[in-house]
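K.L.:
Sequence:
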Amino acid sequence: MVNAFELPAFLQQGLTTLAQHATQNQTEISGAPFVLYHEPVNEQDAGAVELCLPVENAVPQSESISLKSDRAHREMFVTLSFQQVQEGNLMGAYEKIRLLMPGKGLRAEGSPREVYFNFNPAPEGEEAFLDVAFTVVPQGCCGGSLTCAGPSANPANPEHLC
4 MVNAFELPAF LQQGLTTLAQ HATQNQTEIS GAPFVLYHEP VNEQDAGAVE LCLPVENAVP
64 QSESISLKSD RAHREMFVTL SFQQVQEGNL MGAYEKIRLL MPGKGLRAEG SPREVYFNFN
124 PAPEGEEAFL DVAFTVVPQG CCGGSLTCAG PSANPANPEH LC
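In the numbering used here, the protein residues as written are 4 to 165.
Don't read these hints as lab results, they were simulated from the structure. Careful, some of the hints might be misleading.
[Claimed, not checked] Calculated pairs, EDC-like style, for lysine to aspartate or glutamate (alpha carbon to alpha carbon, straight line, at most 20 Å):
1) 71 / 53
2) 99 / 78
3) 99 / 134
[To be verified] Label-pair restraints from in silico Cβ distances:
4) 114 / 31: 18 to 28 Å
5) 16 / 108: 34 to 44 Å
6) 102 / 45: 13 to 23 Å
7) 120 / 70: 19 to 29 Å
8) 15 / 142: 29 to 39 Å
9) 65 / 15: 12 to 22 Å
None of these values were measured; they are calculated from a predicted model. By construction, the Cβ of each residue, glycine as well, lies at the ideal position given by its N, Cα and C atoms.
Full structure from sequences and hints, please.
P.N.:
This is the structure:
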């Protein structure tokens with residue numbers, strides 16, 4: 004459980020830990036790290052979050068690191084620059100997606116995520132920094148089966164560390 008003030012340190016420490024675990028177990032990082040928000044996180048409320056790092060091959064779990072598979076899914080997302088995040092547009096991106104989903108016949112399934120492209124200590128203002136993303140399924144869908152949620156999972160790379 005972390006609040007908004009604790010989140011940057013949690014992400015930096017967690018990413019370092021996951022990357023070290025991947026290196027120690029001789030596997031490559033295969034994608035951008037992402038954070039799943041299982042509960043709201045803000046200045047007043049601490050919420051459950053999960054930091055994940057896609058990896059090429061399965062690695063042993065540890066006390067604080069688990070290996071999970073992320074099945075193929077459809078996402079609706081908004082990309083923000085570092086400057087847009089600094090200007091306070093992050094929550095607006097979540098709201099924009101929530102407002103657009105019904106008009107496209109979609110609904111959210113599971114926890115929203117932020118996908119981080121740039122962990123540069125001094126990112127360029129207009130450079131793509133992160134995606135705010137929701138896994139989506141058709142409205143009235145049968146609860147996320149592969150038939151409803153989209154194509155079958157890609158067995159070549161379903162793993163990520165969390």
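K.L.:
Compare the structure with each hint and give your call.
P.N.:
Hints, one by one, checked against the model:
no.: 1; hint: 71 / 53; verdict: holds, 11 Å
no.: 2; hint: 99 / 78; verdict: holds, 14 Å
no.: 3; hint: 99 / 134; verdict: holds, 13 Å
no.: 4; hint: 114 / 31: 18 to 28 Å; verdict: holds, 26 Å
no.: 5; hint: 16 / 108: 34 to 44 Å; verdict: holds, 40 Å
no.: 6; hint: 102 / 45: 13 to 23 Å; verdict: holds, 20 Å
no.: 7; hint: 120 / 70: 19 to 29 Å; verdict: holds, 23 Å
no.: 8; hint: 15 / 142: 29 to 39 Å; verdict: holds, 38 Å
no.: 9; hint: 65 / 15: 12 to 22 Å; verdict: holds, 19 Å
Checked against the numbered hints above, the structure breaks none of them.
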